Amino acid sequence: MMIKDAEVDLLLTDLMDLYGYDFTDYSKASLKRRINRLLLLDKFPSFAELRFRVKTDEDYLKRFVEEITVNVTEMFRDPSFYRYVREKVLKVLATYPLIRIWHAGCSTGEEVYSMAILLQEANLLHKSLLYATDLNPDVLEKARKGIFPLVNMKQYSENYILSGGTHEFSDYYTAKYDHAIFNKELSGKMIFATHNLVSDRSFNEFQLILCRNVLIYFDKDLQDRVLTLFDQSLDALGFLALGSKETLRFSTISNHYIQQDKEKIWRKKSS
Amino acid sequence: MEKEIFMNKYELLIIGGSAGGLEVLLEVLPQLRTDLDYAVVLVMHRRGGDSLLTGLLSDKTKLAVKEAEEKEAIRPGVIYIAPADYHLLIENDKTFSLDYSEKIHYSRPAIDASFETAAEAYGPLLAGVLLSGANADGAEGLLQIKQAGGLTIVQDPDEASVSYMPQQAIEKNAADKILTTRQIIGLLNELNHSIKPGNR
Ligand SMILES: C[S@@+](CC[C@H](N)C(=O)[O-])C[C@H]1O[C@@H](n2cnc3c(N)ncnc32)[C@H](O)[C@@H]1O
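Note that the protein sequences, when read in sequence, are chains H and C.
Heads up, the first sequence is in our numbering, so the first residue is 149 and it goes up one at a time.
Heads up, the second sequence is in our numbering, so the first residue is 95 and it goes up one at a time.
Simulated from the structure, these hints should not be mistaken for laboratory data.
All figures in this text were calculated on a predicted structure; none of them were measured in a lab.
Cβ coordinates follow ideal geometry from the N, Cα and C atoms, glycine included.
Fair warning: there could be bad hints in the mix.
Said to hold, decoys possible - Below 20 angstroms or equal to it, Euclidean Cα-Cα: the simulated EDC-like pairs (lysine to aspartate or glutamate) are:
no., chain 1, residue 1, chain 2, residue 2
1, H, K203, H, E222
2, H, K152, C, D187
3, H, K368, C, D270
4, H, K412, C, D179
5, H, K393, H, D153
6, C, K197, H, D153
7, H, K412, C, D187
8, C, K165, H, D153
9, C, K165, H, E214
10, C, K197, H, D369
Stated by the list, open to error - Pair by pair, the computed Cβ-Cβ distance ranges are:
no., chain 1, residue 1, chain 2, residue 2, range
11, H, D190, C, K188, 28 to 38 angstroms
12, C, E265, H, R185, 53 to 63 angstroms
13, C, E166, H, D190, 27 to 37 angstroms
14, C, E166, H, R185, 40 to 50 angstroms
15, C, Y200, H, I309, 17 to 27 angstroms
16, C, D252, H, A341, 24 to 34 angstroms
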């Protein structure tokens, strides 16, 4: 069974009307695949039954939202990106008395812990605040705990070394059964909060905003709106970091920004 | 019953391959018409080595070869390559979206993800080719192309250096045609709109 476009639209309208979740400006191909996947996973005999469940069962709604958004993430994904942050961006941030960083769409937090490790190694963590937001409260709960599957540590450790890390990666966590429990001092400066990029506003000013692999799920107009939100939330000379296939080019804010080398990092001009 | 094929209607050709598939492409590309008037999307399994594939393949043809970009509009006569480590999805408005969701059949990009979304977007205007590989990816997607009215071609498992992937598609009954590399080249050139049925 494959869901039809009109059915996707029906569900999106329900989510909007009943719960205020607005997915209408998301890229449709991904949403549709996620909904089909959920129909199979949760063994719904028909679209109508899925729709009924979403409309009547709040607990299921949570699962639905969690599953139709993509939460896949990694520590030190794209090591050259982290290397650039380590070698160039943190040098600039070090000059501020208080460093404010926003991870928008942080998912389960692997990216935030990676950043905390960089900050700690640069001796900046003590004067940093890492705001980590996502629309999905469940992933934030996982991020808050800082417990990640142990099987991934080999890959993360390799990424870490490629990013220029010189410490023993395993010093940052304690292995317990099949989990890696990250040190509490890393999460001490993290602030987790739900924030919906579609409907919520700017809530602070930052020197660095990371929003990686989130915009790919939005259509062009929504991408532009969200980039404007970031522009409003970024200090002059602050940095904006996107995913490896995302770009500021073609957006209305691009004139105020200069791309840094070949990385997906842009610096805001002074005025 | 042999499916009736109206050669000059296809707007998109999508090719998927895994182990042994690249060698086929290296043979096919130089022999494709250079006035190709449909778009081509290549979804190849590979490890890392992001931009290498684009360079390697663009050396083999005068046609424009580029990595598919996020929200880019699909244009005829261009060969697009699915970037490493993302799924490449095709939207109904004939643009690309990238997706960083779970691997499918241990693969990202997954052939199934691109085939399935292309089938939705292009329906009977899509032709799909599945090449050599040691993976079950692509068979389900090819079946969906067929079910949406598109044309499906599978590399002859006898010729493929790894027969598993084509074989999977054949077992699913997803193949309209089972062809050798030579025959695939011939057919792809005939799909060009510039060739009028009478001139064949
Ligand atoms: C693929 S993950 C990216 C994780 C991480 N930034 C990375 O690059 O590895 C995408 C995340 O964006 C979140 N997201 C999707 N729509 C959102 C929205 N409207 N507001 C905030 N977060 C959103 C999802 O919940 C998911 O956790």
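Now for the hints, and whether the structure bears them out:
1. K203(H) to E222(H): violated, 33 angstroms
2. K152(H) to D187(C): holds, 15 angstroms
3. K368(H) to D270(C): Not OK: K368(H) and D270(C) at ~37 angstroms, beyond 20 angstroms, violated.
4. K412(H) to D179(C): Cα-Cα ~16 angstroms, so holds.
5. K393(H) to D153(H): Outside the cut-off at roughly 26 angstroms; violated.
6. K197(C) to D153(H): Violated - the C-alpha atoms of D153(H) and K197(C) are around 24 angstroms apart, more than 20 angstroms.
7. K412(H) to D187(C): violated, 27 angstroms
8. K165(C) to D153(H): Roughly 19 angstroms separates the two Cα atoms, so the pair holds.
9. K165(C) to E214(H): Since the Cα atoms of K165(C) and E214(H) sit roughly 24 angstroms apart, the hinted pair is violated (cutoff 20 angstroms).
10. K197(C) to D369(H): Violated - the C-alpha atoms of D369(H) and K197(C) are around 28 angstroms apart, more than 20 angstroms.
11. D190(H) to K188(C): 28 to 38 angstroms: Holds: the Cβ-Cβ distance is about 31 angstroms, inside 28 to 38 angstroms.
12. E265(C) to R185(H): 53 to 63 angstroms: violated, 23 angstroms
13. E166(C) to D190(H): 27 to 37 angstroms: holds, 34 angstroms
14. E166(C) to R185(H): 40 to 50 angstroms: Violated - the Cβ-Cβ distance for E166(C) and R185(H), about 25 angstroms, lies outside 40 to 50 angstroms.
15. Y200(C) to I309(H): 17 to 27 angstroms: holds, 24 angstroms
16. D252(C) to A341(H): 24 to 34 angstroms: violated, 59 angstroms
Comparing the model with each earlier hint shows violations of hints 1, 3, 5, 6, 7, 9, 10, 12, 14 and 16; every other hint is respected.
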